[in-house]
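Peer 1: Here the structure of chain C is known, so what remains is to put chain F in place on it, guided by the hints.
Those protein sequence lines, which keep their order, are chains C and F.
Following the working numbering, the numbering of the first sequence begins with 10 at its first residue and continues without gaps.
Following the working numbering, the numbering of the second sequence begins with 14 at its first residue and continues without gaps.
Honestly, the hints are just simulated from the structure, not real lab data.
In this text the structure is predicted, and so the values were computed from the model without any measurement.
For glycine and all other residues, C-beta sits at the position ideal for the given N, C-alpha and C.
Do not rely on the hints blindly, as some may be mistaken.
To be verified - Interface residues of chain F toward chain C, partial, derived using beta-carbon atoms under 10 Å:
(1) H28
(2) L303
(3) T310
What the hints assert, rightly or not - Taking lysine to any residue pairs in the SDA-like style, the calculated list, with each CA pair at most 20 Å apart, reads:
(4) F/K286 / C/A249
(5) F/K286 / C/A196
(6) F/K250 / F/V261
(7) F/K563 / F/E552
(8) F/K286 / C/G25
Single-letter residue listing:
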Amino acid sequence: MDVQEIVLRLHSAWQGYGCVLLSPRAQAPVGPATIDPCLFFSALGPVPCRVACLETVLAPGEIAHRYRVLLKPAPPDGLERFLAMLRTAGIDLDGHDVRLLPEDWTSRVLDTRGAGWRVDVDASTVGRFTYLQEVGGVATEPPSALLDFDLGGIALAAQGGESIDALTWGGGVAHGDLFASASAEEARYAHDVADVARLARLLGLVEEEARAALAAGLSLPAYAGALSCAHLATVFRTRALVREEERSVACGRDLARACARAYLARETHR
Amino acid sequence: MKDLLVEIGAEEMPHDVAPMLALTLASSVERALDRAGIRHGHAEALSTPRRVAALVRDLAGTGAAPETVSLALGETLASIPAERRMRWDASGAVFVRPIRSLVCLCGEEVVPVALGGVPSSREVRPHRLAGGETINLTRAADYEAALAQAGVTARAESRLAAVRKALEGIEHDTGTRAMAEDRDLAAHAAGAEHPCPVLCDLPAEAAPHLPVEVVAAALRDGGTFLPLALPDGRIVKFLAFRDGPPDVAGSIRAGFERAARLRLREAHALFEKGRVHPLAERVRDLRDLLDDSHVGTLWEKTTRVRRVAGEIVARSRRGESGLVDRAAFLYLADRATDLVRRFPRLSGVAGATYAKLGGEPEEVVAALREAAQTRGSGRPLPQSDAGAVLCLADGLDNVAWGALGAGENGDRESLSAQADALIRLAVDRRLDVDLVEVLESVGELYAPARAGWVDVVALLSGRVSALLCEERGLREDVVAAAMGAGAGNPFRALGRAEAIAGWRGRLEFDALAAAFARLRRVGAGAPEGAFDAAAFEGEAERALWREYLKAEGPVRDLLAARNYGGAIACLLPLRVPIETYVERVPLAGIGEASRANRLRLIASVVRLVVCVGDLSTLAGGREER
Chain C
10 MDVQEIVLRL
20 HSAWQGYGCV
30 LLSPRAQAPV
40 GPATIDPCLF
50 FSALGPVPCR
60 VACLETVLAP
70 GEIAHRYRVL
80 LKPAPPDGLE
90 RFLAMLRTAG
100 IDLDGHDVRL
110 LPEDWTSRVL
120 DTRGAGWRVD
130 VDASTVGRFT
140 YLQEVGGVAT
150 EPPSALLDFD
160 LGGIALAAQG
170 GESIDALTWG
180 GGVAHGDLFA
190 SASAEEARYA
200 HDVADVARLA
210 RLLGLVEEEA
220 RAALAAGLSL
230 PAYAGALSCA
240 HLATVFRTRA
250 LVREEERSVA
260 CGRDLARACA
270 RAYLARETHR
Chain F
14 MKDLLVEIGA
24 EEMPHDVAPM
34 LALTLASSVE
44 RALDRAGIRH
54 GHAEALSTPR
64 RVAALVRDLA
74 GTGAAPETVS
84 LALGETLASI
94 PAERRMRWDA
104 SGAVFVRPIR
114 SLVCLCGEEV
124 VPVALGGVPS
134 SREVRPHRLA
144 GGETINLTRA
154 ADYEAALAQA
164 GVTARAESRL
174 AAVRKALEGI
184 EHDTGTRAMA
194 EDRDLAAHAA
204 GAEHPCPVLC
214 DLPAEAAPHL
224 PVEVVAAALR
234 DGGTFLPLAL
244 PDGRIVKFLA
254 FRDGPPDVAG
264 SIRAGFERAA
274 RLRLREAHAL
284 FEKGRVHPLA
294 ERVRDLRDLL
304 DDSHVGTLWE
314 KTTRVRRVAG
324 EIVARSRRGE
334 SGLVDRAAFL
344 YLADRATDLV
354 RRFPRLSGVA
364 GATYAKLGGE
374 PEEVVAALRE
384 AAQTRGSGRP
394 LPQSDAGAVL
404 CLADGLDNVA
414 WGALGAGENG
424 DRESLSAQAD
434 ALIRLAVDRR
444 LDVDLVEVLE
454 SVGELYAPAR
464 AGWVDVVALL
474 SGRVSALLCE
484 ERGLREDVVA
494 AAMGAGAGNP
504 FRALGRAEAI
514 AGWRGRLEFD
524 ALAAAFARLR
534 RVGAGAPEGA
544 FDAAAFEGEA
554 ERALWREYLK
564 AEGPVRDLLA
574 ARNYGGAIAC
584 LLPLRVPIET
594 YVERVPLAGI
604 GEASRANRLR
614 LIASVVRLVV
624 CVGDLSTLAG
634 GREER
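Only chain C is shown next, with the shape it has when bound in the complex:
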């Protein structure tokens, strides 16, 4: 089963479960420790929602694809549903060693944390299931379930492949044909080309711009600022620039907190 087929099956299954299928709304790169605004804001407040979203996750040297689902309130059979979706995606659970490994998920830069599990199939990670406890520093009431399917990991387990690049994405086109050069460019940029002094100045501009958006009561554009901070933190980490990384994380965290508060204030007065 190719990646495209897995996505279509997941779309169909989650649609059948009553999810709204959304395209990513992020105006800045989403990384391994951040989530799209449609998930971040949906997890806030008491209004029930079911959202599914295919995200491109960017990290230096790696472009990954995650199928993320937010269920609020979290259903009691959430884990069973996660495993059922792995079957839907082509993994024969009886023929593999499936482990739910307790692991907390924390996004320092979004001041978001949850408790849950990393899901491994034959010792390779295929996703993560998290009960979000806090989002943007705000306690979730009720907790949402964030289901995070790693499409590369799932496809490797389903196809029995040994390289992400060799995976078939769809229509006979390999994953590597579509994303390998982009991954290499991102890696070279982060490791060799990015002018870190200029990026440090950019961090200040990003924060100023996001603060301006917040002052106007606009949490979504401001959240793009938080994501940009997270991305800058990743680049600084690649260069082992600890202090700049920490500054970026702190800046992103403050913005994410402010975004969550602004969003909830607006929703309350609606």
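Peer 2: Using the frame of chain C, we list chain F on its own:
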């Protein structure tokens, strides 16, 4: 007689939490029954990742009725403390992981209780993927057998025994040895409801030209695989465990082998990347990496350890200073490589490997390798002098940095363990060096936190005393006497304590200790300065002075040669003059100058004896007071 079963069924819990939680549950249930006056037999704690249970045997009498037990349990279940709590729905319930079932059976009857909004029943959840239908448990006593039918081994110790047995069998059959520690096996047993061994192959082409340590670390990453090494060190197989029934079709083995190949490919790429730059060039990157305490940088730690190591070499005359300094300069450099960031177990090992490939001197490579192997308790001691000095310097810095509160690692238990490790190292490798003096000589490195300096000294001396008593079996008063001569040099403290222990019980020595205790008591408060022998007025004073002069030189020479027993023998002739002096030479009713002179002689004798040990602390000496 009825058995009582309380089982909390949860989603997969952290494997280190469930066993403790089961013990807490069992003791809480026992206490609740005791409070209610319900007689019962012993209580057992059972746990798997998905359940914790208490099984109490033989509830007796009318108290064993479900209503009575329900009242007894009351709030007990809700008040069971659990670490790392979380919420999962709007009910406000919190637990280590979401509660999905509660089984409470007294004999054959359901005891009506509830926890986390879940009412009790007789429905036991089977193995998640391999267990079939929910179990309708008839009797509490059938719990373990019913779970076994549903693919679950309820006892953690049974799972551990099965894991050990499987490993031993495979080692025997394949002629290999597992590169694993007990905690790895315990983690496999605790992390599955029914661990089943899967033996996997690792073809040579999966890890071409990759050092065996790197292969082992990559396989052990995350605790998933146990590398199996042939007698020549090559890793040709590895062992994994699936949670469920045996892998008859071989599909799981294929999956594990694929995961291992992917991991080794990644390790190979990272290893080759790390070879591009010499290890020494990585050292500068340590300026931007935080140390384990997250207070300073690894560069700062490297700087401190180089200074401490240099002092140890200078004082102990062990190791060649240039080689030790080079090893200390390089020993954290691999932390800046992607290989170690990805596989933290390789910290140190990777550095030694890169150092060898980069042409560093053999002694430096050996020191780096030994320092890596020594990290953690129960590891082999470094064999080379450079390795021993490097390990001692690293440990001393960890203790000083932690005890001074500069690092997050300030908890006493952890610090004590680290202090113990470095004291054992100093003693076992016969490193003749005063650790406190070493730290004092580089005190400016720890200047920001000097206020806690006394804690460092107290910690080290306290742990030296404790280890000499606990691990060497020496009496407390003997150790206290030996420590009276100084606590900073563990190797010498042990030598003194063993010598004192050897002499203790002999009449002449015990008499010397008693006499010395009296002399010390009467001579308290001596003024500064040297005594004037020309001012001595009687034979008793001159006799003590003569014996002191006879003993002083040989005692100091013998101590320098660490011949403590010989030094004690040299002190024995002082006993009679001391006794005579204490009995016949008055310290009151004389002029102030004479009194001061007599006290100064006493102080000189006391200082000489205390060089071997403060004999006044021995039990016999104390009795004389």
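Peer 1: So, for every hint listed, does it hold in this structure?
Peer 2: Results for each hint:
1. H28: holds, 8 Å
2. L303: With Cβ-Cβ at 6 Å, under 10 Å, it holds.
3. T310: holds, 8 Å
4. F/K286 / C/A249: holds, 16 Å
5. F/K286 / C/A196: holds, 14 Å
6. F/K250 / F/V261: holds, 18 Å
7. F/K563 / F/E552: holds, 16 Å
8. F/K286 / C/G25: violated, 47 Å
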